[in-house]
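A.B. asks: Protein chains in written order, with the numbering used here: chain A, -3 to 390; chain B, -3 to 390.
Do not rely on the hints blindly, as some may be mistaken.
Copies of the same chain are indistinguishable here, so a pair counts whether it falls within one copy or spans any two.
[Said to hold, decoys possible] Simulated crosslink set (BS3-like; lysine-lysine; CA at most 27 Å straight-line):
#1 LYS140 - LYS254
#2 LYS377 - LYS109
#3 LYS254 - LYS127
#4 LYS332 - LYS275
#5 LYS109 - LYS309
#6 LYS267 - LYS377
#7 LYS275 - LYS379
#8 LYS309 - LYS21
#9 LYS21 - LYS267
#10 LYS109 - LYS254
#11 LYS140 - LYS267
#12 LYS140 - LYS21
#13 LYS254 - LYS275
#14 LYS377 - LYS298
#15 LYS254 - LYS267
#16 LYS275 - LYS377
#17 LYS140 - LYS222
#18 LYS140 - LYS309
#19 LYS222 - LYS267
#20 LYS275 - LYS74
#21 LYS109 - LYS74
#22 LYS275 - LYS110
Quick caveat, the hints were computed from the structure, so don't treat them as lab data.
Protein chains: 2
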Amino acid sequence: MDIQQRLTAMERLVEIGIMLTAETKLDRLLDNIISEARSLLNVDGATIYLIHNDGLRFQNTQSASLETRMGSETFQSKVAPHVVPLTRDSMVGYVALEGEAEVVNDVRSIDPKKPYRWSDSFDVAMGYRTKCLLTLPLKLNDGKILGVLQLVNAASGAFDEAMLPVARSLASTASAALGNAQLADALREARLDTVMRLGMCAEYRDKETSAHIHRMAHISALLARKLLLSEVFCDNLLLAAPMHDVGKIGIPDAILQKPGPLTDAEWEVMKTHTLIGGKLLSGTDDVVMALSVEVALSHHEKWNGAGYPYGKKGEEIPLSGRIVAVADVFDALMSKRCYKEAFTLSQVKEIMFEGQGQHFQPGFVDLLFDNIDDVLALYTKYKDTHDERELFSG
Amino acid sequence: MDIQQRLTAMERLVEIGIMLTAETKLDRLLDNIISEARSLLNVDGATIYLIHNDGLRFQNTQSASLETRMGSETFQSKVAPHVVPLTRDSMVGYVALEGEAEVVNDVRSIDPKKPYRWSDSFDVAMGYRTKCLLTLPLKLNDGKILGVLQLVNAASGAFDEAMLPVARSLASTASAALGNAQLADALREARLDTVMRLGMCAEYRDKETSAHIHRMAHISALLARKLLLSEVFCDNLLLAAPMHDVGKIGIPDAILQKPGPLTDAEWEVMKTHTLIGGKLLSGTDDVVMALSVEVALSHHEKWNGAGYPYGKKGEEIPLSGRIVAVADVFDALMSKRCYKEAFTLSQVKEIMFEGQGQHFQPGFVDLLFDNIDDVLALYTKYKDTHDERELFSG
């Protein structure tokens, strides 16, 4: 590499740094890091492993030659998710533990003094021929190791020393962006956890489980995605939906926990949970909180105008409320409550379709049942546990 | 700038990018951007303005010569916070609107065709002589303008064309880091808002105001800072403290809202709000939620062992609980409740000092009153508003 090539590489690296820093969604970031590494360093393939618990979890990979030969989708389906133990027995484990880059220009004749061995299982499974590997630690400035970036088969046939400074800088730049995206992810997760708990606390006196909150929120977000609404709206709806019933906090025990049917007067009090929720959630200009106010106020409105609190009809009802209404009622029907057993799926289907065009927007129930496999998967993921029922029954 | 200098600058820029990306606290980041800009581009001073509502808010500034002459603290105290209107009348406004860098090598003879004028007010106030200015937009890759970075007085006497690419790259790198820090800030703010609401919802039936939640949380964090605990712990305590009483959700109306004194049996039920809170908040390995469990379980313990639910004493009680106990009781005494008027500050002081060494850890009440001005400032910031009292009385 001459000085002009180094300058070009560094200028490109500054651009890459700017681009990577702007990407805070982890999965897209990992793909971007790999693409940029492949193009900047001119290699056939690259893989990222991230430290997770005590292992290195295989995350993302790309291979120019294999993706050309078998198609990108087939290739991606063949690479099985796996975890490499964090020990010196493998090259990636060694690099993660040592924190220094490792160059191997012929994997079939690794220095026998090195503690790691190379396995040909990937080559055998894929019909590939790995020749040289450059394995770089993904390390933050404070020394924390996040994972490993492994580059496979340099176009020039070998990794020469002159490439190392550029490769190291790329790995550091990628690591800083990665640390950032992981922080943003952790903050998003933490917020999601907090709104789920807020929803769960609100339903505590009503003997709802936190599984209901999780399911209705994820079903709402699923429907929003199927309606091709923006990623931001879908993400925000997932955060806003759990808070739809916080207003129940304002309903007296005598009404909320009454075993028999409510009188008309009691029912009027019960309906105010929508308005109380709207008040409890208002007052911040944050977009998620604003959406949660909308949802709290509108999730009991009906398409035909027969809902509450305002009796809005059709598109007067905010889209968020129209979506959440479907998810909330569906999960209520599917679930066992203190006053009823769960319905069967075919009973639920019948009831929901009766409501389509009356209670629910035309087409929304179709959409739900067109995607029923995805919806039912949430029932495996978020089960009402015995422990929780105990907690929630006092 | 020859090619070797450009390579050196670009290599330095990659380092700067990595360092800036790792800093997600906004104020420190702004200072770092300015320091790096000054050293990389060899200028006497630099200032950042950020877009806020419809103006450019002056944020951070540094000046080598003025800070040397008058001392850094004096200089910083003399630069008043201000907002520049987002119009083409000023150089910073012009650059923010145009989105392109602007070089002026003699501020006293600006091209009269330019819409902006230069004002000598800073020079007059500070006894400074501004000669040349390089004003750069802080712009994200998607074109969004975050603010402006203005560099003052190049050491070489003027800003030459060759510096511009490096300056632009620095501004882009800084902008990406800034966008990130603003995202992290927004996510942190959103989380704080959500936990405050969770606390507020939990206290709704108890007729507490959200101002109580805000004050007790901020007093807790203040005490933690004065105890020289880590920044991370203080930040986490601010987030955990608002949830200390979520377990009240599990206490029946008949006990929680009983007008007269509780019977012994009722009191035993009331005490379980600590345990219910612990259960409602447990189950996530997030560090803030773990701390909130600790606080929920321990904020009614007393230093002498006479508290509940476990009757722990002294340092058996988690530090978080010992801190929150002081903040929670102090605010309760300072506030009007449905069953009592607010005490005067001197009455509160007397009661709190009686509790020191009994209810509260020795020294903690001293610490509170040693910082009483900071504590009372929170009562100006978070007042019980009339609106809220109405909301909270149903």
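A.B. asks: Could you run down the list of hints and mark each one as holding or not?
C.D. replies: Hints, verified against the model:
1. With identical chains, the CA atoms of LYS140 and LYS254 are never at most 27 Å apart, being 56 Å at best within one copy and 54 Å at best between copies.
2. Taking CA atoms no more than 27 Å apart as the test, LYS377 paired with LYS109 passes in neither setting, with 47 Å inside one copy and 66 Å between copies.
3. Taking CA atoms no more than 27 Å apart as the test, LYS254 paired with LYS127 passes in neither setting, with 73 Å inside one copy and 78 Å between copies.
4. Taking the shortest Cα distances, LYS332 and LYS275 sit within 27 Å of each other only across copies (22 Å), while inside one copy they are farther apart (30 Å).
5. Proximity of LYS109 to LYS309 under the C-alpha cut-off of 27 Å is found in neither arrangement, the shortest distances being 76 Å within a copy and 57 Å between copies.
6. When the C-alpha separation of LYS267 and LYS377 is checked against a cutoff of 27 Å, the pair qualifies neither within a copy, at 31 Å, nor between copies, at 34 Å.
7. In this assembly of identical chains, the alpha carbons of LYS275 and LYS379 lie at most 27 Å apart only when taken from different copies (18 Å versus 31 Å within one copy).
8. Taking the shortest alpha-carbon separations for LYS309 and LYS21, neither the intra-copy value of 37 Å nor the inter-copy value of 46 Å comes in at or below 27 Å.
9. When the C-alpha separation of LYS21 and LYS267 is checked against a cutoff of 27 Å, the pair qualifies neither within a copy, at 39 Å, nor between copies, at 44 Å.
10. Taking the closest pair of Cα atoms, LYS109 and LYS254 never come within 27 Å of each other, the shortest separation being 75 Å inside a single copy and 77 Å across copies.
11. In the homo-oligomer, the alpha carbons of LYS140 and LYS267 never lie at most 27 Å apart, since the shortest distance is 53 Å inside one protomer and 44 Å across protomers.
12. Both within a single protomer and between protomers do LYS140 and LYS21 lie at most 27 Å apart by alpha-carbon distance, with minima of 20 Å and 19 Å respectively.
13. Within a single copy, LYS254 and LYS275 get their C-alpha atoms as close as 25 Å, and across copies as close as 25 Å, so both meet the 27 Å cut-off.
14. In this assembly of identical chains, LYS377 and LYS298 lie within 27 Å of each other by CA distance neither inside one copy nor across copies; the values are 29 Å within and 41 Å between.
15. Taking CA atoms no more than 27 Å apart as the test, LYS254 paired with LYS267 passes in both settings, with 15 Å inside one copy and 25 Å between copies.
16. In this assembly of identical chains, the alpha carbons of LYS275 and LYS377 lie at most 27 Å apart only when taken from different copies (21 Å versus 32 Å within one copy).
17. Within a single copy, LYS140 and LYS222 get their C-alpha atoms no closer than 40 Å, and across copies no closer than 29 Å, so neither meets the 27 Å cut-off.
18. Taking the shortest alpha-carbon separations for LYS140 and LYS309, neither the intra-copy value of 55 Å nor the inter-copy value of 38 Å comes in at or below 27 Å.
19. For the homomeric pair LYS222 and LYS267, neither the shortest alpha-carbon distance inside one copy (30 Å) nor that between copies (47 Å) is at most 27 Å.
20. In the homo-oligomer, the alpha carbons of LYS275 and LYS74 never lie at most 27 Å apart, since the shortest distance is 52 Å inside one protomer and 43 Å across protomers.
21. Taking the shortest Cα distances, LYS109 and LYS74 never come within 27 Å of each other, neither inside one copy (33 Å) nor across copies (64 Å).
22. Taking the shortest Cα distances, LYS275 and LYS110 never come within 27 Å of each other, neither inside one copy (65 Å) nor across copies (50 Å).
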